[in-house]
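Enquirer: Here is how the chains run, residue by residue.
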Amino acid sequence: MAATTPRARRIAVAGNPNSGKSTLFNALTGMRQRVGNYPGVTVERHEGRFSQAGTDVLLVDLPGIYSISARSPDEEVSRDVLLGRIEGEAQPDGVLIVVDASNLERNFYLATQILDLGIPAVIACNMMDIAEERGERIDIDALSRELGVPVVATVGTRKSGVDTVRSALIDAAIARHDTWPLPGALESAVRTVADSLVAAGACPAMAAWGMALLVMGETAAGGNERWGISATVRATIASEQARLASEGVRDVASALVEARYAWIGEFTSRCVHRDTPESADETVSDRIDRVLTHKVFGTLIFAGVMFAMFVSIFSWAEPLMRWIETGQEYLQAGIHHVLPAGPVADLLAEGIIGGAGAVVVFLPQICILFLFIALLEDSGYMARAAFLMDRLMSAAGLHGKSFIPLLSSYACAVPGIMATRTIENPRDRLATILVAPLMSCSARLPVYLTVIGAVFAGSVWLKAGVIFSMYLLGTVIALLMAALFKKTLLRGPTPTFIMELPPYHLPRPRLILRAMWDRSKLFLTRAGTVIVAVCVVLWALAYFPRVSDPSPQLSGMTAGQSPVIEQRHAAPRATDDEATGDQLRHSYMGRMGRAIEPVIAPLGFDWRVGVGVLASFAAREVFVSTMGVVFNADDNDEASLRERMRTATWDSGPRKGQRVFTPLSGVSLMVFYVLCCQCASTLAVIRRETNSWRWPVFAFGYMTALAYLASLLVYQVGIRVGIGA
Amino acid sequence: MPSPAGDSPIHGSTPRFLSELKAGESARVIEIRGDDDLRRRLLEMGLTSGSIVRVVRFAPLGDPIELAVRGYRLSVRRDEASAVAVGGNE
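Going down the list, the sequences are from chains A and B. In this text, residue positions in the first sequence follow the working numbering: the first is 1, and each later residue adds one. In this text, residue positions in the second sequence follow the working numbering: the first is 1, and each later residue adds one.
Please keep in mind that the hints were generated in silico from the structure rather than gathered at the bench. Virtual Cβ for every residue (Gly too), placed ideally from N, Cα, C. Worth double-checking, as some hints may not be accurate.
[As the list claims (entries may be wrong)] Quick list of the computed label-pair ranges, beta carbon to beta carbon:
hint, chain 1, residue 1, chain 2, residue 2, range
1, B, Gly62, A, Gly201, 19 to 25 Å
2, A, Asp195, B, Gly62, 49 to 55 Å
3, A, Glu132, B, Gly62, 35 to 41 Å
[Unchecked claim] Below, a sample of chain B positions facing chain A; criterion: calculated Cβ distance under 10 Å:
hint, residue
4, Arg16
5, Arg39
6, Tyr72
Please take these sequences and the hints and turn them into a complete structure.
Expert: Next comes the structure, spelled out in structure tokens:
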């Protein structure tokens, strides 16, 4: 219980979502903040500090939750922090509970759960201004007397009450803590369990009442194993439950929730006085919602907002990505200028700088997407977006909140997968993560364009139709796979869509920029390292072994290419295209291409296409530059590459002399790219977001299998019905 | 509280469900059926027996439903709402 850190007082900050907790946290700590993750889960961990009257205080901001009954990762982490169950962390010295003054009853559900745990507490009654606007007069002193802890009126947005909270946190000792009234049979049962907990040494007397409530709720919900509670206590709980059942209390957990709300209703009615009858008039949010969730206008506005987001991910990011690319090229040229030609310079320039570029190049898209998401979340519109789209997404077994991650994945699956953090249900979130890479991202576009340019000579409409079909194919398969996963692998109790629609408010720029930056930084530090490593490995595979006359540059094989920008300039600058091509053909990757030819020939791919497919595992758009190298196309000349691809023929085997690229093999190749998970960055992000290698391996496996089978089907059926030539 | 157009029977014999209410109608929660997890979740969000709930609107595609309960707005799917037995608002 006691503080283990000699200097700083550790205070946890808890509260409902939308209680203004983050704003108050920012007001208390200013810029002295740090963001990280709790071990083993993707729950963000925010820390901040302040000093007052010579005492250092470390604030740990818990995720916004409605209950500590631990049915979501957020709730579980919060409960574990408050109980001191996080590994390597002592129980906090105190807790600041933020409640929304305009929504007291539901906010007090969580607040009283935490008070029951017997931790020194201060309650910040936040958003007092909104409560007043609604005609509610809250008697703060009365609340404080009822609950036996300091209650401070605050308005986080105006920083009012912040100093009072600071000093209250320093002074707060263990609160005088009372039990609260429960209906007869329940009260004696909880008392008995509390006594047995104390007798078993499971918790101090101060926390026994709250622990008993928590354990009885949990046990009824089937989660008693994790608690490490002795058999004696478990037996007591079971016998008390049996007794309650015989007295007609069938579901103890539910009865406890009802009892708590009854108590809350009772004491709030003594402390809150309403000038006007409750919800008699329409609030501003109601009026906004009349438009924003309207059948016609709401849908149109939503489509407009999504379109704007999508377009800006594409268009705003593009110039920034170009700059990053240019910067990367300057750096690479600089290295070649300074260092003598050889493997070291090449490793530095093409391997490492190229790999780092592959990470940084995602930043513009990630920043822009997260700017939008933070804006939508902070304004309250995100919940409406989920409300509008849930019917559509639930058809695929997904959640309304899956819509934005999947839409974003058309630009790039990396930010799309990171955006799934807004989905609370772990199964819904995982299903969304697993299918997000199937949405045709912008890195596939150059591949589609190159292949179509090589195999279709027809009208623009035909070409556009083919591209559209590829996008459609990815989308349909993604939704089907999601439905399949939800029915098999991720089956579980019907996920609920119980979601608060918070009042709208003006977004706070500082909060939004901070959220954007925090998430982008997590991508750089965590996923970035894996991406660089993979890029270096793929670079080495294409670089070694060297042919006798080493060409100084193999930038065509650089892994780090932007998904949007054309690849022409990344084609080799070596004067001798033949030599560069030779090097690649003799490299390990070239050999691997030949080795897999028997496997990919039934799809209509020869070994050179195989090299392109292999190289694409770093990033898909590398396909284009690889084709340029492997077919000896003239540098920086799209027409030359198109011509080379068009006239290329099989150089061995039964099809020797036949064209490699036909409309059929082209479609087969594109279908392969639609479905295959050829993106090291995506896999690194899946690893990062699921905290396990299992899911990236699974995503890679199922998508590769899907791609192979689909291409096989396309090509073999095509050949049979005679559209092969 | 605004009272609906007295069309709901209060006799316990014919309970209605929250999913059957029209937009703008309010009712009193009698009990929540369905599985334990759903019931506890809805209870924790404040839909306790005796509380008054109003259907604010339906999403454009007919599902989910926006509810007003304890002074805030909550959205649930029709499926979930069909587990909530409600009675007329006296």
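Enquirer: Taking the earlier hints as the rules, which of them does this structure contradict?
Expert: 1 and 4
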